[in-house]
Amino acid sequence: EAQVTQNPRYLITVTGKKLTVTCSQNMNHEYMSWYRQDPGLGLRQIYYSMNVEVTDKGDVPEGYKVSRKEKRNFPLILESPSPNQTSLYFCASIGPGGQRYNEQFFGPGTRLTVL
Amino acid sequence: SQQGEEDPQALSIQEGENATMNCSYKTSINNLQWYRQNSGRGLVHLILIRSNEREKHSGRLRVTLDTSKKSSSLLITASRAADTASYFCATDERTGANNLFFGTGTRLTVIP
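One line per chain: the protein sequences are H and C, in this order.
The first sequence begins at 1 in this note's numbering and counts up by one.
The second sequence begins at 1001 in this note's numbering and counts up by one.
This is chain H alone, in the form it adopts within the complex (with noise of 0.2 Å):
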């Protein structure tokens, strides 16, 4: 079954311990990319990969890194993470035709809480 799958799906974490919140798609799709989700905000974009060994920030890229080592999986990391980055996150790829017009599928989500 063609997916995007997030792991894990629920985190709760103190502040300052790193992690990591993984990411991989089936689909063999070049780009990727991080949302995080919060009340009244909507999604906003936290970091995009155009192709392995590419990526580049999003809106809002501050306290996260990201890597591309292999096109399937695009890992989210929080090296010290912070009460404000608890929050609903989204991996997503871009769907079939979607090099032209952008369709993304979406993971299922992370809810990450920072104590």
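One thing to keep in mind: the hints can contain errors.
Unchecked claim - Sample of chain H residues facing chain C (criterion: CB under 7 Å; computed from the structure): (1) Gly42; (2) Leu43; (3) Phe90; (4) Glu103; (5) Phe106; (6) Gly107; (7) Pro108; (8) Gly109.
Hints in this document: simulated from the structure, not taken from any laboratory.
Note that the structure is a prediction, hence the values are computed from the model and not measured.
Glycine is no exception: its CB is placed at the ideal position from the N, C-alpha and C atoms.
Could you slot chain C onto chain H? The hints should help.
Frame of chain H, contents of chain C only:
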């Protein structure tokens, strides 16, 4: 960035009624998309309308686009309780990049 804005923020209707949601954006676009999100879950793509199109249909969905007003509307006809969700519009800037800019969403509740 050019984040879209949906209107209204929340909408509550009876099953069988039509639901209309609006989206406004700021800069020139290549296309506009509508997504649906069930509570706490990932977004699901509903429909895409290109900048040179004015109207598009998909099942019970009808999308219009007015590039002169930089606005779009999503109409869901004969609504069902299962349509209860948040609906987001997303636009891309006319730069050739793949990035999408999402609005804050309209929360639709369909009462059985």
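Hint check:
Against a cut-off of 7 Å between C-beta atoms, the interface hint on H/Gly42 holds, since the closest Cβ of chain C lies about 4 Å away. For the restraint placing H/Leu43 at the interface with chain C, the shortest Cβ-Cβ distance is roughly 4 Å, inside the 7 Å limit, so the hint holds. Against a cut-off of 7 Å between C-beta atoms, the interface hint on H/Phe90 holds, since the closest Cβ of chain C lies about 6 Å away. Using the Cβ-Cβ criterion of 7 Å, the hint placing H/Glu103 at the interface with chain C is satisfied: the shortest such distance is roughly 5 Å.
Because the beta carbon of H/Phe106 sits about 4 Å from the nearest beta carbon in chain C, less than 7 Å, this interface hint is met. A hinted interface residue such as H/Gly107 counts as satisfied when its beta carbon comes closer than 7 Å to some beta carbon of chain C; here the least separation is about 5 Å, so the hint holds. A distance limit of 7 Å between C-beta atoms decides the matter here; for H/Pro108 the minimum to chain C is near 5 Å, and the interface restraint holds. The beta carbon of H/Gly109 comes within 5 Å of a beta carbon in chain C, closer than 7 Å, and the hint placing it at the interface holds.
Of the hints listed earlier, there is not a single one the structure fails to meet.
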